[in-house]
Amino acid sequence: MAAYTCWQDVLDDITNRWKKTKTLTRFSKLKNNEDRIEYCLRDDFIRSKVQQWLNIMCSSRHKKYWEKASELRAEGNLCFQEKKYSKAVEFYTQ
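Residue numbers for the sequence shown follow the working numbering, so the first one is 49 and each next one is one higher.
Calculated directly from the structure, the hints in this document are not laboratory data.
Just so it is clear, CB atoms sit at the ideal spot from N, CA and C, and this is done for glycine as well.
It is possible that part of the hints are untrue.
No more than 25 Å apart at the CA atoms, straight line, and that leaves these computed lysine-lysine pairs for PhoX-like [to be verified]:
id	residue 1	residue 2
1	131	112
2	79	67
3	67	77
4	97	112
5	97	70
6	79	97
Pairwise CB distance ranges (calculated) [said to hold, decoys possible]:
id	residue 1	residue 2	range
7	132	99	39 to 45 Å
8	137	60	24 to 30 Å
9	106	72	17 to 23 Å
10	89	129	37 to 43 Å
11	76	114	16 to 22 Å
12	80	120	34 to 40 Å
13	106	65	20 to 26 Å
14	138	96	33 to 39 Å
15	99	72	18 to 24 Å
16	137	83	24 to 30 Å
17	59	86	34 to 40 Å
18	133	80	38 to 44 Å
19	77	133	41 to 47 Å
Could you put the whole structure together from the sequences, leaning on the hints where they help?
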């Protein structure tokens with residue numbers, strides 16, 4: 049996958065790779081979350097995909113998205129305080 053637009057893209061990319069390499073089967077047999085996290089941190093493929101995602105999220109292009117999201121959330125909060133719930137939901141889901 050060349051470019052990620054959302055976290056789900058990263059997860060899909062990792063899952064598809066794991067299915068092809070039988071890694072998903074090994075991962076599913078791990079006993080607890082600590083083991084799962086350790087496994088992910090040691091996996092070069094996962095680390096590279098997470099790093100790509102973080103680079104995208106930290107880029108100036110996405111900072112504008114976060115600023116817009118913050119504005120929309122603030123508008124939604126105002127509507128919610130005024131008990132305009134359906135309008136608040138519109139702002140929250142944009």
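**Prompt:** Does the structure break any of the earlier hints, and which numbers would those be?
**Reply:** Of the numbered hints given earlier, those the structure breaks are 1, 9, 11, 16, 17, listed in rising order.
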